[in-house]
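J.: Take a look at the letters that make up each chain.
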Amino acid sequence: MKHILAVAAASLAASGNAVMAQQTEGAAGGGRASAVTAPVSIADVGAVSPALAAFIQGRLQGEVWQRPQMRARDRSVVTVAVLVARNQPAEMPAQFALALDHGLKPAELSEIILHLAFYTGLGNALAAIPAARQVFVARGIDVDALPAASGDRLPLNEAAEAARAAGVQQNFGVVAPGVVQYTTDVLFRDLWLRPALVPRDRSLVTVAALVATGQVAQIPYHLNRAMDNGLTQAEASELLTQLAFYSGWPSVFSAMPVFKDVFAKRAG
Amino acid sequence: MKHILAVAAASLAASGNAVMAQQTEGAAGGGRASAVTAPVSIADVGAVSPALAAFIQGRLQGEVWQRPQMRARDRSVVTVAVLVARNQPAEMPAQFALALDHGLKPAELSEIILHLAFYTGLGNALAAIPAARQVFVARGIDVDALPAASGDRLPLNEAAEAARAAGVQQNFGVVAPGVVQYTTDVLFRDLWLRPALVPRDRSLVTVAALVATGQVAQIPYHLNRAMDNGLTQAEASELLTQLAFYSGWPSVFSAMPVFKDVFAKRAG
Amino acid sequence: MKHILAVAAASLAASGNAVMAQQTEGAAGGGRASAVTAPVSIADVGAVSPALAAFIQGRLQGEVWQRPQMRARDRSVVTVAVLVARNQPAEMPAQFALALDHGLKPAELSEIILHLAFYTGLGNALAAIPAARQVFVARGIDVDALPAASGDRLPLNEAAEAARAAGVQQNFGVVAPGVVQYTTDVLFRDLWLRPALVPRDRSLVTVAALVATGQVAQIPYHLNRAMDNGLTQAEASELLTQLAFYSGWPSVFSAMPVFKDVFAKRAG
Chain A
14 MKHILAVAAA
24 SLAASGNAVM
34 AQQTEGAAGG
44 GRASAVTAPV
54 SIADVGAVSP
64 ALAAFIQGRL
74 QGEVWQRPQM
84 RARDRSVVTV
94 AVLVARNQPA
104 EMPAQFALAL
114 DHGLKPAELS
124 EIILHLAFYT
134 GLGNALAAIP
144 AARQVFVARG
154 IDVDALPAAS
164 GDRLPLNEAA
174 EAARAAGVQQ
184 NFGVVAPGVV
194 QYTTDVLFRD
204 LWLRPALVPR
214 DRSLVTVAAL
224 VATGQVAQIP
234 YHLNRAMDNG
244 LTQAEASELL
254 TQLAFYSGWP
264 SVFSAMPVFK
274 DVFAKRAG
Chain B
14 MKHILAVAAA
24 SLAASGNAVM
34 AQQTEGAAGG
44 GRASAVTAPV
54 SIADVGAVSP
64 ALAAFIQGRL
74 QGEVWQRPQM
84 RARDRSVVTV
94 AVLVARNQPA
104 EMPAQFALAL
114 DHGLKPAELS
124 EIILHLAFYT
134 GLGNALAAIP
144 AARQVFVARG
154 IDVDALPAAS
164 GDRLPLNEAA
174 EAARAAGVQQ
184 NFGVVAPGVV
194 QYTTDVLFRD
204 LWLRPALVPR
214 DRSLVTVAAL
224 VATGQVAQIP
234 YHLNRAMDNG
244 LTQAEASELL
254 TQLAFYSGWP
264 SVFSAMPVFK
274 DVFAKRAG
Chain C
14 MKHILAVAAA
24 SLAASGNAVM
34 AQQTEGAAGG
44 GRASAVTAPV
54 SIADVGAVSP
64 ALAAFIQGRL
74 QGEVWQRPQM
84 RARDRSVVTV
94 AVLVARNQPA
104 EMPAQFALAL
114 DHGLKPAELS
124 EIILHLAFYT
134 GLGNALAAIP
144 AARQVFVARG
154 IDVDALPAAS
164 GDRLPLNEAA
174 EAARAAGVQQ
184 NFGVVAPGVV
194 QYTTDVLFRD
204 LWLRPALVPR
214 DRSLVTVAAL
224 VATGQVAQIP
234 YHLNRAMDNG
244 LTQAEASELL
254 TQLAFYSGWP
264 SVFSAMPVFK
274 DVFAKRAG
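Residue numbers (the numbering used here), protein chains in the order written: chain A, 14 to 281; chain B, 14 to 281; chain C, 14 to 281.
Just to be clear, a hint being listed does not mean it is correct.
Since the list can't tell identical chains apart, any single copy or any two copies may satisfy a pair.
Unchecked claim - Straight-line C-alpha distance at most 20 Å; calculated SDA-like pairs for lysine to any residue:
| hint | residue 1 | residue 2 |
| --- | --- | --- |
| 1 | K273 | T245 |
| 2 | K273 | A230 |
| 3 | K118 | R152 |
| 4 | K273 | N184 |
| 5 | K278 | L244 |
| 6 | K273 | R177 |
| 7 | K273 | Q183 |
| 8 | K278 | Q183 |
| 9 | K118 | P63 |
If you are wondering where the hints come from, they were derived from the structure by calculation, not from laboratory data.
Could you put the whole structure together from the sequences, leaning on the hints where they help?
T.: In structure tokens, the structure reads:
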């Protein structure tokens, strides 16, 4: 089984094939199999919309994924974030495998799913578990390769975090003290400091999820944070190109004025 | 089977375990089985993200669900509303069972699904049917325990309803007469008056669904209605804490300014 | 199998039955079967909420679908768009079959899925493939009946398209040049000109998807375009009635002020 998937993965890496024929298997290694929805093959797509099959194999895989403005590994990060944010498990096995082929580490994929448990809701992260487990089992990735619950944390920028916390406390400390407390304790003093995914990549995941879920009001803070964390404006711009295809034109057109405003204020 | 699930339910009640290993079964009692997506076990989660498994079993179940600001039964109502609003059937069997263990009546769960057919769309309610049926069958709950289509209704506050209807008619009577008519006939003169779920709980379900689906513009009317129906400000605030984990931080941060404004206006 | 489905389809056409008992089958014709989630039967619904079952069979199918303000074929277009936009595959086989029974051509259904790949994201379109393939196989519809990737295009209104492109270029040409380029090349100079779905129907699909996904900011442009493409105000209004039931009241109430504004500006 590993051999077959390895071949499929090699073929994926060569073709950038995001829609692949792949046998569904229960996650091995335990007595009970989690369900993984069967992926859609390009032949299935062609039997419903020849134009969509041609578009995927042509313009999308042959051109968009090859654009130099963003490397394939980051396009995979964005695409994975959209699938989790939109709760679309069918494409996850192929896109998770493709992400690993593009150089994403298993520990990073694990951490992206953890991150999105908080930024898209627990149910979305749980829906990604069977597909991730299937890919990890198929590649012989075991728990030793994954980030532990505890361990070292990145150094905290105390001044910046104090300013953030004070602002949120002033705004919402009375309205929602529980949210304010966990925002500090669980997110900014723990999740964001976990070293298995660098802050720039956490930001990339977060901003992609915000666009994909239409949470436009949260984009200014997180896009600024992303650029503070090292995402370039060219990458932020190309993020929108990738999202247009994977999360749809309307979500991107609703986000573009906010991106424009953030870019302008940082330049001004 | 009933015995096994009863044991699992007892274990759930003891642990607040939101992610459980549970055999999937077709809904019994009929010739055709509706599909119930297999739930994700905590072992599966741990095989992908040890940190997420530790978080669920520790902070989430051990601390958040135990906070005194909202009783477990109401946390279950909120969590169930998020799963239906977000169309996440995999977690439904465990969370529906947990809700019943927390004291939610089967008739109330039935009514929550009916309510969300109108407040999140018919497709979302239908996606919750197989899991609800599975739990009802496993516990020997038959249709006699569930609210009938017709029957007694709660008394209508005629003055308040007349004011609501007049406002909507003036605003949208020409733009969308069909919507205006059904809003009165189907929602406010029927659904909201069904006695199997008290108005305060309908409001709790509605506001949770609005936050989970990003329908921020509809929060002011429904949060005010919820508080008129008896939801306290402390409960409304803690609703946001529960939602942060189950529907994600961005949805809560987009809702907090609206909650703040409603709280301020009611206090002022 | 075809005979059984044809009978079911006839019954659907007679009853407007949106929830039907139907055997799930793997998509035939290939070695590998794509997964189609089992639909929910009206008996399943009745075993969870007798009131919801009665509502579907009574008011929804017996009254709403029969309203003269919009023909059944267009109601099906709207309903199909909601299912794809919301990623709800369980109801797709029955609703796709119903749409064909209401006179939608297979080529039009194929094209709606292609259109929504761009207006709701690729993952949503892919999630619709197994159900569409199942229905096409059951009815003996093969690829010759479906729109090809290339071929003739509708004539372009060069002046209107130049104005649109110039506006977007001025607004976002620097912010997101990739998005701007593909908006012109892939959407407005190709997708919208494909003759298998008339522009009025593409607009109907687009506006329904915008409401169903809460993309309110994109409604003014597309509702105006829809009415320029021949959608009447009475149809646009009734679209909201159909959406209230299938995408939920809050999504419609968030859209109504925007519809009102567009109607007023066109009248003024």
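J.: If a hint holds in the structure, say so; if it doesn't, say that too.
T.: Evaluation of the provided hints:
1. For the identical chains of this complex, K273 and T245 are intra-copy neighbours only, at 14 Å inside a copy versus 35 Å across copies, given an alpha-carbon limit of 20 Å.
2. Proximity of K273 and A230 under a CA criterion of 20 Å is satisfied in both settings, with 14 Å inside one chain copy and 16 Å between copies.
3. Taking identical chains as interchangeable, the C-alpha atoms of K118 and R152 lie at most 20 Å apart only when both belong to the same chain, with a minimum of 12 Å there against 44 Å between chains.
4. For the homomeric pair K273 and N184, the shortest alpha-carbon distance between copies (9 Å) is at most 20 Å, but the shortest distance inside one copy (26 Å) is not.
5. Taking identical chains as interchangeable, the C-alpha atoms of K278 and L244 lie at most 20 Å apart only when both belong to the same chain, with a minimum of 16 Å there against 40 Å between chains.
6. Proximity of K273 to R177 under the C-alpha cut-off of 20 Å is restricted to the inter-copy arrangement: shortest distance 19 Å between copies versus 23 Å within a copy.
7. In this homomeric assembly, K273 and Q183 come within 20 Å of each other (Cα to Cα) only across copies, at 12 Å, whereas the closest approach inside a single copy is 28 Å.
8. Taking the closest pair of Cα atoms, K278 and Q183 come within 20 Å of each other only across two copies (18 Å); inside a single copy the shortest separation is 24 Å, beyond that limit.
9. Within a single copy, K118 and P63 get their C-alpha atoms only as close as 35 Å, which misses the 20 Å cut-off; across copies the closest is 16 Å, which meets it.
The structure shown violates none of the earlier numbered hints.
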